[in-house]
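Chains as they are written, first to last, in our numbering: chain A, 1157 to 1362; chain B, 1172 to 1928; chain C, 584 to 758; chain D, 925 to 1153; chain E, 3 to 451.
In case anyone wonders, no lab produced these hints; they're calculated from the structure. A quick note: this is a predicted structure, and the numbers were derived from the prediction, not measured. A virtual CB, placed ideally from N, CA and C, is assigned to each residue, including glycine. Certain hints may be false.
[To be verified] Calculated cross-link-like contacts (lysine-lysine; reagent style DSBU-like; alpha-carbon spacing at most 35 Å):
no., chain 1, residue 1, chain 2, residue 2
1, C, Lys710, E, Lys186
2, D, Lys1088, B, Lys1721
3, B, Lys1748, B, Lys1468
4, E, Lys184, C, Lys751
[To be verified] Pulled from the structure, derived: some chain A residues nowhere near chain D, Cβ distances all over 12 Å:
no., residue
5, Arg1270
6, Gln1350
7, Asp1356
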Amino acid sequence: MLFYRRNFKSWIRIAVVMGIAGLAGLVVEHGLAAQDQSAATAAPESQVFTPAHPTVWSAVQEFFNYRPQPVQPIQFTHKVHLANGLQCVMCHVGVDQGPDARIPSDNFCMTCHRVIATDKPEIKKLTAYFNRGEDVPWQRVYGFLPSAHVKFNHAPHIRAGVDCSKCHGDMTKQTVAVRAVDHTMGFCIECHQQRNVSVDCVTCHY
Amino acid sequence: MERRDFLKISALSGAAAALDACGNPEHQLIRFIPEEDLTPGIATWKPSVCTLCPAGCGMLVRVMQGDAEVVRKGQLGLLKMGLAKKLEGNPAHPVNEGKLCPRGQAGLQVTYHPDRIRTPLVRSGPRGSGQFKEVTWDEATKQLAGQLSALASGKQQDRLAMVVPPLRGVKKSLLGAFAAALKAPAPVEFAFLDGGVVAAADAASFGPAEPPTADLGHSNYVLSFGADFLGTWNSPVAQSLAYGRMRAGRPGKRGKLVHFEPRISLTAGNADEWIPCRPGTEGALALSLCHVILRDKLAPAADAGHAGTLIEGWAQGLPDFDPEKAEQQTGVPAATIVRIAHEAATHQPAVALAGDSATAHTSGLFNALAVNALNALLGSAGKPGGILFTPAWTPSLGKTAEKSQAGGTLPALVKRIQSGPDAVKALLLFGANPVFAAPAAMQVREALEKVPFIASFGSFIDETSILADVILPDHSPLESWLDDAPVSGTARTVAKVAAPAMEPVHNTRGTPDVLLDVAHQLGGEAATALPWKSYDEALKAAFAPLQHEKGSVSATDPDEFWSKVREQGGWWSAEEKSLPVGGGKGSGVAATAAAPAFDGGADAYAFHLLPFATQMQYDGSLAHLPWMQEAPDPLSTVMWGSWVELNPATAKKLGIEQGNLVEVASQHGSVRAPALLAPGIAPDVVAMPVGQGHESFTRYASERGANPIAILAPMTVTGTDALAWAATRVKVARVGEGKIILFGARLHEMPEDVKHR
Amino acid sequence: MASVNSIYGLFADPDAADRGVNALRHAGVAQDQIVVMSSEPHEGHAFSLLDHKTIMPWLAALGGVVGGACGFLLARYTQVAYPEPLITGGMPLVAPFPSAIVTYELTMMGAVITTVVTLLITARLLKWKQPLYDSEISYGKILVGVLGPSGAARTDLENRLRSAGAEKIKTTGQL
Amino acid sequence: MVIDLDRCTGCEACVVACHAENNIATVGEDQAARARAMHWIRVERYYEGEFPNVKTKFMPVPCQQCGAAPCEPVCPTFASYHTIEGLNGQVYNRCIGTRYCANACPYNTRFFNFYNPVWDKPLDLQLNPDVSVRSEGIMEKCTFCVQRIKAGEVQAAAEKRLVKDGEIQPACVQSCPTQAMVFGDLSDPESEASRLARSNRATRLLDELGTFPKVTYLQRGSWHDNENA
Amino acid sequence: MTTKTPEQINEDLLRPLEGTSPRYLAALTFFVLVVLAGAAAFLHQVYAGLGVTGLNRPVFWGFYITDFVFWIGLSHAGTLISAILRLSNATWRRPVTRCAEVITVFALSIGAMFPVVHLGRPWLAFWLFPYPSERGIWPNIRSPLLWDFFAINTYLLGSVTFLVLPILPDMALVRDRTTGWKKKLYHVLSLGWTGTPRQWSRLEMAMRIMAVAVIPVAVSVHSIVSWDFAMAPVPGWHSTIFAPYFVCGAIFSGIAALIIAMALLRKFLHLEDYLLRIHFENLGKLLLVMSLLWFYFVFAERLTTWYGNGSSEMAVFWPTQSGSYAPLFWAMVVCNFVIPFPILAIKKLRTIAGTVVASIGVVIGMWLERFLIIVPSLSHKYLPYSYGSYRPSFTEIIITVATFAGLAMLYMLFSKIIPIISVWELKAGEVTETATAPALARPEQVRAD
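Produce the complete structure using the sequences and hints provided.
Next comes the structure, spelled out in structure tokens:
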């Protein structure tokens, strides 16, 4: 059922965008020209604006819901950590208290990795970051796009007993975290309905 | 290209660059290891103090984790840190009880202001050009210490001057101690809106030299003489809270507010009765009310005590102020005066307040004394429902600090600088902006230009600090250790203190710390007089004696006391207790009915100029905050600009329409602003908001609107040093089309248009 | 030209064409073998009444009913589809007036679509390869002919058409 | 919500509090001149009479959260709809920018993002992470600080209790220096807001339009009422 | 009326398809350039945001919605008029119907564009289509904009078929008279039309059904456009008179547009022998009736407002009557009534030139009327504190102008591809007319003899 629905949607999106895709180049040129103009002459109608997207291409990507998988600076393996008996909340502190979970800082990682597995190449990378006084620039895996205007709160979900894997996939099998589950609105609604939770729009969108 | 356009474009490109940086790890800034691990999305609340006006409200700062672009060890990068997200009133605080005025809430933007000075600067171009180059803190402090030690070695410490905004609490003591340690004259306090006249009058009438705390919440009748106590005067949040209780907080009882002023201010707009009177005659009006009360035997003259005897003719029942004479002088109908006097006398507790323009005429002190006498006659001095006096906290920093004496006034300082070459060799500026906020005729700028060395500790480049040779930017209030000791708004003794609510965003340092540092660099007596390593140590020392007082914090050992005080955002006494009233020090001060004097002849300069502080920009020190620019003025609804307020009849006579560019000229200069026609202003008065018209004060305030202070006459209130800023007469003429930005009530054709049939 | 055997006459005058059609009928040609083509409708002439019975209006009405039903169901469904139906402006969930408007519009759309489809099918349009055609029709001639006549009847039909007033007689296919 | 006009002084603390809480864009001078400034709550000022008998009235106008809101049914995409709790929800991501709702709103309390909002760095650090930042082409309006309501409900649910009256306060109510605004659940007859809404001073703005606004205004009392009472 | 042989008719009417003059190409290029300028303005608007328009709070709708209503109104030129004339068997309709229907189709397409043009986020316009999505949210059919969506689509479908069906025989005609690629093209376009009695009768029947169906649809379309306004509780909008008022105005402007289009075709395609003075005169009479009707509606609307004297209604009433919008209002009255009425009422003035002058006035006047319905109401909506005003920006003006150029461009292209006057209907008309008038000679007969 979902498969068919999504297909249908994507077809319609393709149809709509094909029409304007050819004009996309024009838009860029035109936009740049307009900016140049406002910079050069400050014409009476010149406005200070920033488009919602840095490039037209990124706007198109977002329109099609296209998000490449992130490339992490360190090949952190969830599998090994979980296999060694760690729990999600040990590193992702606060996930059961508030909207977001912590991504542990170098300090946190180094509490163990000063002594554990210091010879592994990835740990050496971590140590190098730490010694430079830098935090590892982890890349976001999940997270809603700003244009979704969604406010997600982890804590009530965890209190309600939703398993982490429901939304994040089975982390015991993942090495580097990948976007295993597509967080579409249909995905959220389906679960909310099953659990008889509010599906009112402003429950999430505000 | 205009500067503003340039600023906009640079902002634009900055934003674009930031957007480009997302997504791709290579393009990202490095991330620093956070100093503490915060959980994102969870707010913590930290107490703080509002420093934007003298009210001294207590705040709670909502701090949440966020990514800030910061410079650490000379490198730009991202840091996960606690960021202030919102300012709210501290519910426990006796002054503001959890409420906060619009200006206080916008204080957030001081911290995040894009044009804040981010790092120490040294002048690189000619003075006043605004060209600076970035230096390290070491270089900057060395330069300052060098100048100071040069003065010391030449025994020229008296040639050092400091200009500060009005200060209180430990910070005042510390600066005083610093000046004393350097054997320099005490700092000169300067602000456009300064409660000096009211404080002087209170000292003369009642004893305490501080503005009154109006206990409106218990009064039934409030007479306000010019005091915009709901907007900007004194302690607006405390007064607003009390006003709310006066109006609707007591079931079945509703107090009445009567406001006397030639123009509708925010307070006048809320008054049950707004009674316009001639500018400067508020004192005569107050005494006329007294006259009626005495005449009709509503209260005996003796009730007024010392405050009454100060007034000439009091014992005789004020024969010069019978309502008919007063009508001629003030323009208020005699019948109205009689009615109001009767209402006030029969609806006690009643209270009278004088402030703002009423005390900014040459007759200001007399006006304030007259209102004090009225208060005393109404039996409201020092009583619930009347005026109370806060037993304010005066911290002690040890013996050195005690030596600091009151500083001179700004005009005196200007005179001193002008008195000869190098009469003042070095000047330290602590955030005050006298070039903007003093009349051009006082020649502050010309004087400052003569000073060989100026150091500024402000956070922004304004008209004054642009003249500085070295700028040592202070932390924003939210990043600093703060303390305060409010003198009004509550009858409790309040000692406020707050630790920094967040880490500094920029490469700034707290000014007290810099001063301590400099003192230690100078060594010798200066170092021993200021023994503390950092400002918080000094604060702790100053607060220590309070541990043994009866107050909001009880603790057994000093450390516990200190941590509890910080947690609560301060210490305040357990019970409300007004200072005793009665022992006025004055005798015969301005006792004779002083008619107000004005600058400029009535023929050539037909209108009184009434400058007023606006709800949003205050005295101009908040004009740089975008929220304050965009929030419409409550009465005029003007955004992003200033205006000349005219009575429609006057405007018609002068051929001026709404939005026309109007020139307002005094004997000392002229300014131009668009006209705003408002019914709530006397026909012989034009009013202009203070606050706009900055030449250089960040991208949001520069070259916007007009500054009426510039054209004021340098007259003082008789009997004090305070500027009589309402004593200038002006002429008004249309000079062309203008633009006025209104949020509401935009269509001026409206009232005629909504006619029926 | 066409690969079908046929014989036809081209008439300049509709009355003559009428006579031609009659003549063919008299010759015993079956109704569905007679072909008439013209560049104008020639209302009022007998041949224009050939095949004119149709149930198109009834089909259109039916289409309208179906369209309207779809419209109402769509209107109803979209208003209650979201799991917690979205209330707006204090209106009932299935708001009567808006639903009526959508029902009405889709009724009309149903009728229009049915009419067009019926026309395309019953008028045998969308078949670009016609068995028999002559471009002289566009110059005002009226074609009257027989599809698939028996070879034996050829001369008889030719004569009959000619005597009815045909300007030209043409044949196609193997004749 | 109940707003006591007798207490309101028009100080606009609510306006700035709302800006700070809800990430409302500062549009700047040019846009403000084009009447595109956004203030989810505004203080309307009316003058009555001529000099010297001028009366001034202040009236804070947030979204009235109408029971039968004209803005809701006109939205073609359900971006504007009635939430289960009775608020006029505005779902930003669903908004395509027809601006029909803004036309239908008799109170003019809806605001449109004519441009993508700009925060000059580092002013963007002040943005409240609990509220989404609206991009260009989106309609927005007062939400009664729905983020605070949701947070309060989540908190109450975590503590397995009901939300207490007065526990949740929108930013404007919280900041109001004269305590002129009271926020509460109108469906609970015992709440402070319900109690005040039954006051004989209670009126509702443009009540005659049948929009059933959920903001009640307590009209100014007069001193003479006091005298007679 | 001079009679022409079918062959002459063929030649006269098919001549425009044969070649292009430099003048034609120059005009077409000009219009194409203007349209491109409009497209560029729109793209700029999408890129920068709606801030490039003059819209503000509270005037959230301005030129674009004015244009929308105006163009939808103009679309009533064709299908509705043509359907009415067809049903009433008015024989003089024959040369007029197709040029009228073409206006409908193009004006409707242009009008339907505007709701998308005015969107804040036009790339999401497809959310108006009722299609299933994983979100489970559908368009809100309680919104008048959705009614617009359904009504305009129905009307567009009806109009297109109403236009296309009678073109089929003419396509066959052109097919037989051309060679090469053109023949192949028209072969396809003719859908295999041969002209059997079966086809003719089915076509006739279909056209009759379509005529019956399209009239109520046309009425509903403009009623719904009016309900876009009347559903909102805005003073000056929330009125029961709006639906018939709008329909009347739509037909009014439609006829005017048709007269202008016919005059231009007559001049540039040399159709003086087909578009006769009687056509203009008849349409002029219709225009006169509509002008009176329009005036009646305006009067009734104004009267009710004035007499009712509701304060919020009057706040909108006076600015249009004597305030800032008064010049536009009185210009509208002059254009829609003061100019057309004498011209059309006096028989001597009801010439081709006269009707065209009147029509130009009406088109301008009706555009102003749409503007005056939208903007003054929005700028004076209830609470006086929020009153506002509106001034269009360059972007809005260029897009508006581009749509006029767009209609001209499409019309020019259309007249090069398809005979702008229905050839077979005209020929059939000659026959019927002569058939009903036996005293006249029948040219075909004469020739046959």
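Evaluated hints:
no.: 1; hint: C/Lys710 - E/Lys186; in the structure: 14 Å, holds
no.: 2; hint: D/Lys1088 - B/Lys1721; in the structure: 34 Å, holds
no.: 3; hint: B/Lys1748 - B/Lys1468; in the structure: 31 Å, holds
no.: 4; hint: E/Lys184 - C/Lys751; in the structure: 28 Å, holds
no.: 5; hint: Arg1270; in the structure: 33 Å, holds
no.: 6; hint: Gln1350; in the structure: 19 Å, holds
no.: 7; hint: Asp1356; in the structure: 5 Å, violated
Checked against the numbered hints given earlier, the structure breaks only hint 7 and satisfies all the rest.
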